[in-house]
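> In case you want the letters, here they are:
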Amino acid sequence: MKKVFVIFGFLAAILATVLAVTPLSNIAIIPIIVAFVSGLMILYISKKEESKPKTIQYIFLLVIISLSLTIYKGLSSSTEIGDTEQLEQRDEENLEDSIDILDDIDIEE
Amino acid sequence: MLTVIYPFLKPILMKHFILLFTVVLSTVNHAQNKTINAGEKLVFTASYNMSGILTDIAQLKMETSQVKTSRSTLMRLKCTATTYKKWDNFFKIRDLYESYVSPKTLKPYLYKRDISEGGYYKFMQYKYNHKAKLVNSLKRKKNKKGETWDEKNTFNIGTNTRDIVTTLYHIRNLDIHKASPGDQQEFNVLFDNKENTIVVKYLKKETISTALGKKECYKLALSVKGSDVLKGSNSNLLWLTADNNKVPVYAKFKIAVGSGELRIVSAEGLKH
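Protein chains in written order, with the working numbering: chain G, 1 to 109; chain A, 1001 to 1272.
For the record, the hints were derived by calculation from the structure and aren't laboratory data.
You may find that some hints are simply not true.
[Claimed, not checked] Calculated pairs, SDA-like style, for lysine to any residue (alpha carbon to alpha carbon, straight line, at most 20 Å): (1) A/Lys1061 x G/Gly82; (2) A/Lys1041 x G/Asp103; (3) A/Lys1107 x G/Ile105; (4) A/Lys1085 x G/Asn26; (5) A/Lys1142 x G/Leu87; (6) A/Lys1122 x G/Tyr44; (7) A/Lys1133 x G/Asp104; (8) A/Lys1041 x G/Glu92; (9) A/Lys1085 x G/Ile71; (10) A/Lys1107 x A/Asp1175; (11) A/Lys1139 x G/Thr84; (12) A/Lys1127 x G/Glu93; (13) A/Lys1152 x G/Asp104; (14) A/Lys1092 x G/Gly82; (15) A/Lys1219 x A/Val1199; (16) A/Lys1141 x G/Gln86; (17) A/Lys1085 x G/Gly82.
Make the full structure from the sequences, and use the hints.
Listed below in structure tokens is the structure:
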């Protein structure tokens, strides 16, 4: 039983760290919770069995890293758009080109 | 002989005549533009839904402006999509869709689609010839070396065939207040050199809260006939304000890779 939680907890913690690095950082919350709950379960089982819960340190470490990254990103990143210079240039070029094309089209009013 | 079979033929002929009359009437009667004004600017946020958590992906803008050519004055309907900064390193989108229409009837004359999505570039242009019911299309693509090549085509279209941008604005110009819940209408939309049929169904009136305040809206369901681009029935929804401006304030869509939504951020230069 403990092994299942260790594997599950590790996988969730790694997934959370990976997601926290990507722009999908707010989705990392789900694996963070899963990893945290798994960690608590390992702690509980270890106490019951009176064995040392070594793996829990790594799971919690990953959870802390991903949680801090997620919180930092959530607070710092504003929803601002990237550079639009190229788009604006294409927009202008298209407009000029369109006016030339429209001059040749018969328009019924 | 004819007098014998005429009583049997009469109901069939009448039925065909009514159908023909309706078709002719609908094609002749080009709806006047009562909704769209030049100088209108609508800004939206597109979000992707993953396991119930929404992530803002891109900003969408719908703008209209007046364009003067040497022979006439037209209205330019422009839609742009730009990914937010944090997404640019992963998947940069800079899309431009535009259509040049008659400001009186919203009849399209020229359509352009200039898209750049994560290194993929495509340009499409439709030049309408309404008299001959033809469209001259131009497709331009870029290969990995950056070289471009053109592909030209000419094909027939129906009287009421429009591009995707014009269709969006045309839906806003419909007399939805005259429709009753459950009514639906089909639109022929030209996309990627193919004519698709979009079915728009009016579901009901609904009041939703938006960035523009609490608004009473027309709730419409959209689907594409014979295609599975949009998944599920009644899961692709559009809310238009139930006033004369019919501003699209909220949309929900479901595609193969998940679902998402569009929320209005601001609206400027409305006609009413």
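> Against this structure, judge whether each hint is valid.
Structure-based check of each hint:
| no. | hint | result |
| --- | --- | --- |
| 1 | A/Lys1061 x G/Gly82 | holds (14 Å) |
| 2 | A/Lys1041 x G/Asp103 | violated (26 Å) |
| 3 | A/Lys1107 x G/Ile105 | holds (13 Å) |
| 4 | A/Lys1085 x G/Asn26 | holds (16 Å) |
| 5 | A/Lys1142 x G/Leu87 | holds (17 Å) |
| 6 | A/Lys1122 x G/Tyr44 | violated (57 Å) |
| 7 | A/Lys1133 x G/Asp104 | holds (17 Å) |
| 8 | A/Lys1041 x G/Glu92 | holds (17 Å) |
| 9 | A/Lys1085 x G/Ile71 | holds (18 Å) |
| 10 | A/Lys1107 x A/Asp1175 | holds (17 Å) |
| 11 | A/Lys1139 x G/Thr84 | violated (23 Å) |
| 12 | A/Lys1127 x G/Glu93 | holds (17 Å) |
| 13 | A/Lys1152 x G/Asp104 | holds (18 Å) |
| 14 | A/Lys1092 x G/Gly82 | holds (9 Å) |
| 15 | A/Lys1219 x A/Val1199 | holds (14 Å) |
| 16 | A/Lys1141 x G/Gln86 | holds (17 Å) |
| 17 | A/Lys1085 x G/Gly82 | holds (4 Å) |
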